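> Okay, here's what each chain looks like letter by letter:
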Amino acid sequence: MEIDPLIFRLSIFILSIFVGYYVVWSVTPSLHTPLMSVTNAISSVIIVGAIIAGLSGNSDSVFNTSSIFGFLAIALAAINIFGGFLVTQRMLAMYKKKKKDK
Amino acid sequence: MISANLSAIFYLVSGVLFILALRGLSSPETSRQGNLFGILGMIIAITVTFLSTGNFSTGFIFVLIFILAGGSIGAFIAYKIPMTAMPELVAGFHSLVGLAAVFVAISAFLNPEAFNLGTPGNIKLGSLIEMSIGAAVGAVTFSGSVIAFLKLQGIMSGSPITFKGQHPLNAIILISIVVLIYLLCSTQSSNLFWILLAVSFLIGFLLIIPIGGADMPVVISMLNSYSGWAAAGIGFTLENTALIITGALVGSSGAILSYIMCKGMNRSFFNVILGGFGATENALSSSTKEQRPVKSGNADDAAFLMKNASSVIIVPGYGMAVAQAQHALREMVDTLKKNDIKVSYAIHPVAGRMPGHMNVLLAEANVPYDEVFELEEINNDFANADVAFVIGANDVTNPVAKTDPQSPIFGMPVLDVEKCKSVLFVKRSLSPGYAGIDNDLFYKENTLMLFADAKKMTEDITKNL
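From first to last, the protein sequence lines stand for chains A and B. Using the numbering used here, the first residue of the first sequence is number 1, and each one after it goes up by one. Using the numbering used here, the first residue of the second sequence is number 1001, and each one after it goes up by one.
What the hints contain is simulated information worked out from the structure, not anything from laboratory work. Predicted, not measured: the structure shown is a model, and the values here were computed from it. Glycine included, C-beta positions come from ideal geometry on N, C-alpha and C. Nothing false has been slipped in among the hints.
Simulated coverage check for chain A against chain B, where a stretch passes if three residues somewhere in it have a Cβ under 8 Å from a Cβ of chain B: (1) 2 to 14; (2) 20 to 31; (3) 34 to 44; (4) 71 to 85.
Can you build the whole structure from these sequences, using the hints too?
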């Protein structure tokens, strides 16, 4: 009997939870705020679904109910992607070490 | 158009890059590179999606327009936002992820052919289950984050909103969500889908209103986790590896942060989620209130104490963020350092309104991160320090947590500030903190209260040094 592809996706999911668990415990507490903003940015990879939804209209009518929701989701996710990565970058640029010479 | 297998491999690559992005945050040196990995992962995921649909018609132009429109709003916010507003920003961003998940689910429900999920009214059962879970969690994330945002922004009162029968009501709604998903999957009725969304929005709202302002670190972390699970649910629907990996990463990340925050308050996750903390204890403490003598001083006294110290530990809290005192504080510390006084910073895990909030503010004020220490790293040093300078923190320094088993905060890890030779406590008044209890520290022999705005007091001390 063939294994349902769902099982493979479930395996990826479970293993990723474990990877996430160990990776996040190794994040230094002083970077917990950037951690939240960057997780925010990466979870907006949901934009891939939004793009498929947005392109679901045919060439005659780009907009139908389904694709409009897709376009809205694209805009929301894009705010998050740009906002999330850039604000993380801005924060991380502020973390500096003590100057050696004094 | 590229093959499904090839695009699946690229999605895997972008998932791995996201793991590396989080991995980079293990130290500030590697973190910037990590962020670049994250950006690269995102670019790969988006590009592959374009290539795999192979649709570069008018629709594609609109997709680009919407990406650019959203992107410029996002970039604008990212550059303008003051660092003190990070908790609100993150809560706002969470709500967008939640809403995007809801929209994608709606779109997939209305037009399943575009996603290869079957036809309207006859969607594959597995996909429908995944879709409805993703949509429900997304809706909870959205409305919950909106409430958290309003509370953090001060538009809505930060105090817990409770009413009779709240918990039974929430329980009934949660059960009805499960029932609705079951019915939706057996009937494929679109009405049920809309009702499911409405009920999920409602429960997100109801879950967050009873939770008070200082519990926001837990709430934000929890919503972070939810946004991850919502993304994962949609990832299963779309059979997309990048989305599944990311959802799992973000979900566990938020869960771990919630756990760390709860531990920092010695409270169980359910105790926080059920809410109402601080509302009941208030009445209790006012009835037993007694007048006890406090020593108060001015900037001159504080400057004198610090000038004669050889080591000073600074304990910042949410009040520092409110007063925007981080830059003034850094200037004070610079002056102290010129006088060869050793200065370090002690950060409690739940200081501020989100995990790591204080660290970001200090970094913004150019405080080197190797002068900033976590509770367990620095707690033993208080006994050897001359002066502890508490600015905007309260409950996290309260020795009652160690001595009084009756106290609501008993058992919470606190900074051993009272062990310092002298304690300078900057505060507007003697009013109790979030937990609604008096801070014993105010009345200690070695405590000098500095009643003033945190920023103004810090500037005055600098002048007097």
